[in-house]
Structure formats: C-alpha cells, structure tokens
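Residues per chain, in single letters:
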Amino acid sequence: MRSVSIIGVGLTKFGEHWETSFRELIAEAAGKAIADAKVEGKDVQAIFGGCMASGRLIGQEHIGALIADQLGMTPVPSTRLEAACASGGVALRAGIMAVASGTYDVVAVGGVEKMTEVSTEEAATALGGAGDQEWELFNGATFPALYALMARRHMLEYGTTEEQLAACAVKNHANAANNEYAQFHREITVEDVMDSGYIATPLKLLDCSPLTDGAATVILCSSDKAKKFCEAPVEIISSVQASDSLALSQRSTLTAMRATQEAAKLAYAQAKITPKDVDFAEVHDCFTIAEVLAIEDLGFFPKGKGGKAAQDGETALNAKVSINTSGGLKGKGHPVGATGVAQAVEATLQLQQRAGKRQVSNAELGLTHNVGGSGATCTIHVYKRL
Amino acid sequence: MVGIVGYGAYVPRMRVKVAEIARVWGKDGGRIGEGLGINEKAVASFDEDSCTFAVEASRTAVKCAGINPQEIGALFVGSESKPYAVKPTATMVAEALGATPNLTAADLEFACKAGTAGVQACMGMVSSGMIKYGLAVGSDTAQGRPNDALEYSAGGGGAALLIGKEKTIAEIDATYSFTTDTPDFWRRQHAEFPRHAGRFTAEPAYFKHVLSAAKGLFERTGTEPKDYDYAVFHQPNGKFPLRAAKTLGFEEKKIKQGLITPFIGNTYSAAAMIGLSSVLDVAKPGQKILVVSYGSGAGSDAFKLTVTNEIEKTGRRPCVPVLKAIEDKTYIDYSAYIKHRRKIKSL
Amino acid sequence: MKNATPLIWRNSADRYNLLGSHCATCGTDYFPERVVCPKCRRKGKIEPKQMPPEGKIYSFTQVHAAPTGFEHETPYYIAIIELANGVKVLTQLVDSPDEKIKIGATARMCFRRVFEEGDEGIIAYGFKFKVV
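Protein chains in written order, with our numbering: chain A, 4 to 389; chain B, 11 to 357; chain C, 1455 to 1586.
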C-alpha cells in the first residue's frame, strides 16, 4: 500500500448558516481545499463525502452526485459514506484506501451537514437514528440520554464529578475562542456549565455539542506525488476503524468504548507509536463525558482518571497532551457528517504551523478520533509531516 | 361448576383530590366530596389507558389462576374509554398474555357494565364446553369534562376475572340481568366527553336497575340479603351503593370491603369488578357474595358467588390486596392531572 | 416516524413480554432478539425466550429534552436495567419516586404506551419498568 498525504484543506465557518444552503457549504469548503492544495479541479479523480442525515434534515439524498455536480467535477466518481457522526471519518478512510491502493493519485474527501432546518426535536430524532432506532429512540432515548447513562456509570465507578466533565467544555470553549471557524467564541466557566440546565441528567446544556451547519474538505494525494502540489504535505501514517454493538445496552461496559480501544491499539501499532508520542489530538467530544472516555480509551490517561486530568488542566493547549485545540465538537461545533473531516483539517493546520493562537508548540504527531453513535463506529487517524 | 379461576385488579398510581379539582373551579371541595362520598380519584398517567390497565389486571388474574394462557378460549374487554374507536383492545390484551391465536376476542361496550357482560358471555361459553377458560376484563380511564360534576368522580382502573370450571376460587351459582332502554348517560360518536342526565341518573336509572337485578337474583335463587356475607354494587360514587344496600336490607359492614370508589373514584367498567376483587382478597371458603353491576343505557347484571376452599391455597390470590395496592399513590395537582389526561387542547 | 405500523406490529410480542433469544449452543440470552448468536455465529442455535421481568437499575438519566413524539412527557427517566439473567435492557422508568431511582434499585416490568404515531396513528404498547 502507498503512503497517503493531505495536500490541502478547506473549511466553512461552523455555526448557524441561515443564508447558506447545503450545497453552497459543500462548494465553499471544497473550493478552499482545492485552492489550498494548488491542484486543478481536473486533477481530482474521485470524491468521497461524509454525511449522516441529509435525508432527515433537509430531505436530500444522493449526496455523492450532488457534490460532484456542485463542484463542476462530473463525471468523476463521487460517493457518500454514512456512519452517523463518524461519517466524515469513514469518508476520509475510504479516500485514503482509494489512493493507497493505487486506484487514484488525487482524491477529495468532504464532510457536510446542515442541521438548522428542522426543529430541535426533529434534529434529536434524526440524530437518534445513530443509535438503535427500534430499541433506543423508540423508547424515548435521545443521544444526550445515552451519553448520560455512560456518565452516570463513570461517576459511580470512578468518582468522576459533574465539575470534572464541565472542565472539558470550559477548555474546549477556550480553544474555540482562538479558532475563527468555530461556532462559539465565548469563553465559559465551570459555573456556567453547572448552571446551564439539565438536558439528560447529569448532562447539562453546556455538556452537549451544539447543532451546527458546516462543511470540511481535505485533498489527499499519494505521498510520492504530494510535494508536486504542496510545500508541506501531512502524511497520514495510520487509518483504522472499528465497530461495536449499535445499542448501548448490548455493551459489556458503559465506561469505555470498545471500538475506540480496539481502533487505538491498531492505530498505534500501524503508526509504530505509543500514546505518549502524541502531541495533540482531536477527539470526539459530542458530550463532555465522551471526551473523558476518549482520552482514557486512547491511552492518554488511565481508565477513570480522565475527568481529573481535564480538571487539572492536563488536556489544555500545550499541557501534557493538547486535546481538541480546534475547540472540539463542543466549541467548534458539530455538523455531524463534517466533523471527522474537520478534525483532519485541524491536524493538518497544526502540523503545518498554521493554527495561529491555538498553535501547539512542537507539534510533531497528531491524532484524530471520530465516533459514530454511542460508540458503534470509531475511526482513528494519525498524522505527521511528510 | 363455572366460576372464577383467577382475578386481578389494577389502579394507576396518581391521585387528584376532589378538593383540588374544586379549588380550580372555585367550588366547595368539602361539600362536593361529602356529597359524592369520594375523597380522591385515581388518574392514569400520560402513557396509560384502558388497554394498559386491562393488561396489568389480566396478567395478575392469569398468574393467580396458574393456567397456561394458551388455554384461554375467549377474551372480552369491556370499556367505554377505548384507545381506538376501531381496533380491539382485546387483541392487544390477548397478545400481551400470550393467549393468541387460538381464541375469540372482542371489545364490549355497555357503559359501566360491559365487564360483567363479558363475565356472562364467558360463563355461557365455558358451561357449554365451547371453551376451557374465558377472560372478562372491565377497564376505563376517566372521561369527565372539565368543570362537569363527573370530573370529581371519574377515576381510572381495571379488573379481570378468569372464568372456568376447574380449580375455581369462587363458584358463580347464578346470574340475572335486568335491562331496559333508559338514556341516563351517553357519549355520542366523535364526542370527546360523555353527557349525563343529572339527577335522572339516580332513581329511574341506577337504583331501578340495581335493585331490580338484585331482587330478581334473590327470587331466582331463593336467597335474601342475610344469606350473603358480602355485597358489591356498582359504585359511581361513594353514596349510591350504600343507599342501594340499605334499601335491600344489607348491613353497611357487608358493603365496606368492596366499596373502593371513595379512594379511587368511579372506575366505570372496572368499578364492581375491583370491588369484587377486594372482597375475594379476604373472603373465606363457603362465604357468599352478591355482585350487582350497573351500566347506563341501562342495565344491571347480578351474580351470586360462593367462595371455595381453593382460595386459601398459595398463590391463588394476588400478592398485594386491592386495599393495600391503592395505598401506593402519588398526589398531583389539577394542572398535572389535565396534562396527563390530555385535556389541554394542544395535547 | 411515518408509517411505522409494520415496525410496531412486527416487534409487538417482543415489546409486550420482553421476548428475546436464547442460544442453545452457548446458553447466552439476548434481548432484543437476534438471528445470529454473536458468540457462536454459524454453530449457534437461536430460539425464542422470554426474559425475566425483574432486574436492577444499571444506569439511569432523567431526560429533559425529548425527541419528536415524547415532548409532552418530559421530564422522564430512561434506564438500563440489568435483568436477573444478566441481559441489559434500555427502557423508560415510570411510576417511581425520584428518591427511589438509584443504581442497584430493583425494578419490575410493567405495560405502558411506548410510542404513538401522532393523534390518529397507531399506538405502540410495550414494556417499561418501575422501581419496586
């Protein structure tokens, strides 16, 4: 298999795009990435797009063709991939495999979601489809409820506190304040989180990532040709994916995500690194408890110590490991299908020293971690400068 | 002889006090409560209805009977508050009991006496040998219109009687019905709430039919009130059954065990059957019970029962007696009550 | 959800009575029912089995922001119950006072409305649990 690198990235502002349509978001992110990669549209041989719920959210399916059409790239093959909130991550992996296999030299990987064109209840219903529709959502279990069930167990088994969970949101808002693309530019305090009102106990409004419109694109190229287009390509040295039961109740534990643990093992082996080597990571913090689980399951902190690590500032910018420098899903926003690709954009910006005020000093090795549903899909990618 | 093989009652947990309803409408709750002989009523929660009550009561009845639900040959659910106008509750109850598919099932409607009409249908089918067991359920949720007199009394609950010939805990010695065309209470097709004819519901309706049915049964069986240890009458409020008992010559102590309406309100199709369940909770072998239901429109079914030795055997009575079960309650205010009963217009 | 009638109907026996599966090869119970035993796969022998109606609260949450169809029921409890046979079931907890809802508390199956397709559509009934 050939080595694959990112040669260009593009992102829309994340947030509420009342005046911009789904297709305009795609065009904006893709246009920026193509320009950033200094490729011509005709150089792109295939497109892979991650999108979770466009059918429920805007009534549009067949996103693959829509993307190619909007970018004026027909007749290149263009395919949508769906794995709930990990749609972006699996699209990225599909793109990587297509280049690694030698089928294509240059491909575009996009991710997009438009979530503000339905009511909050309808959005909750659409996102509920990421879990077990027949046995979870049907009983009234929302996504916050599923993660709340995990949080409650984590608090029981390890003594994690609501304040420790809140620390993740506080840190991610602080990072988002330095990210021009982020949905929120407002720093918050632990007290703000504690006072924000329960969504599903013990999770409060500010423990939850928001509903977001946005799109992200990366251009992938075989590493041997990458420098033809780009001065500082970012090599993807590991791309892995794992699955677990769709329904939360079927898992042997609620305090760890087996898909993350299994994917992490593979990813570290593939990249020939250990968790200690990772300088920064974009992890899937759809809820604060998800960030705690992620930093434990990825091996950055021992099981049960994630909450305390967050509270002690060990995950802040340039601390022990910089977690979610972009602001994460909480601060940057979470357009579900775009998130996995947007994480790759952040990894690229960090390794290319383009992250501005949130730049990780000496960023050599980055990791992105994208979760679908309540942990039924996980993708992990590891990056370094080519 | 045909009789009751198992019984079960279910009363929802929430209660609203008559005084609380009166408070909202600026009325004298003390006087209304005293007039009705009702202190509070049981209220179905948002996710309950006459079908869920019927299933809970039926599961208890089948469990106490200790039978294989596949042996139930007929299932009738009597109700005037069906979750569907068209689509039987009885099929859902049958499925939930594991009694499908080899049985006949139907919903019955005769205001508050459809449950006992089901008992009679089951008796006939069991006696004829057409079926081995029949299950008769009475189940209703409150349908009182806000600020109507009914709102103070209309409660919710369900009861189920499993009828068969073997291992009966109480034999049904005789039944007699008294039926006329008397429009004292009705609900027109598509109307949300029932209407009633005020004081007309008393003498020409409730009392005429209940007393005639009881007397008819006495005549048919050659019995009189002193032959009975307990009497249960349909109980639209706490006062009517006491007056009916007095008129017939029953002492009040024979009524008390089966008079549940003061604590849970009128449970319509379930009322007489919940009362009977409470009596069966304590009745001793050999004791005789009179049951007289009443349904507006109008008619009464009267039954003479004799308790058997089987009732004392382990597991033949529900784990929790009716009078104890209804102590497990939560009080709600009027606004929670109308939310749960979906009386707020947008619900 | 539109036109959920076949879905509601197909699972109704499972929802009414906690009907799941048992693998005769390895002895594992499953709820909801499965076609393939994940442990034995091709060697598995799946048969229907009713789950025990009682268990203990494994985790719980009180939901304040509901999805479509549950808006008027908030706040309501969602819990995972660990049944007597070890199988875990996600369910609503009803009729249980706040102070009784704790991890480890015993809960028993009851029969309730679970989901309604609007005012005129089908009503899905099934299990919920209450703390005993």
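Note that these hints are calculated values from the structure, not bench results. We treat Cβ as the ideally placed atom computed from N, Cα and C, and that holds for glycine. Hints should not be assumed to be uniformly reliable.
DEER-style ranges, computed between Cβ atoms [claimed, not checked]:
(1) B:Ile354 / C:Glu1574: 14 to 20 Å
(2) C:Val1489 / A:Lys279: 42 to 48 Å
(3) C:Arg1464 / B:Arg33: 46 to 52 Å
Derived list of chain A stretches under chain C, where covered just means 3 residues or more per stretch with a C-beta under 8 Å from a C-beta of chain C [to be verified]:
(4) 123-129
(5) 138-147
(6) 196-209
(7) 296-302
Tested hints:
Remark: the range hint 14 to 20 Å for Ile354 of chain B to Glu1574 of chain C is upheld by a beta-carbon distance near 18 Å. The given range of 42 to 48 Å is respected by Val1489 of chain C and Lys279 of chain A, whose C-beta atoms sit roughly 44 Å from each other. In this structure the supplied range 46 to 52 Å holds for Arg1464 of chain C paired with Arg33 of chain B, their Cβ-Cβ distance being about 47 Å. Figure legend: the region 123-129 of chain A, annotated as covered by chain C; annotation consistent (5 residues with Cβ-Cβ distances under 8 Å, at least 3 required).
Under a criterion of three residues with beta carbons nearer than 8 Å to beta carbons of chain C, the stated coverage of the region 138-147 of chain A is upheld, 9 such residues being counted. Residues of the region 196-209 of chain A with a Cβ under 8 Å from some Cβ of chain C number 7, which satisfies the need for three, so the listed coverage holds. Against chain C, the region 296-302 of chain A contributes 0 residues with a C-beta closer than 8 Å to a partner C-beta. That does not satisfy the three-residue criterion, and the hint is violated.
Hint compliance for this structure: hint 7 is the single one not met.
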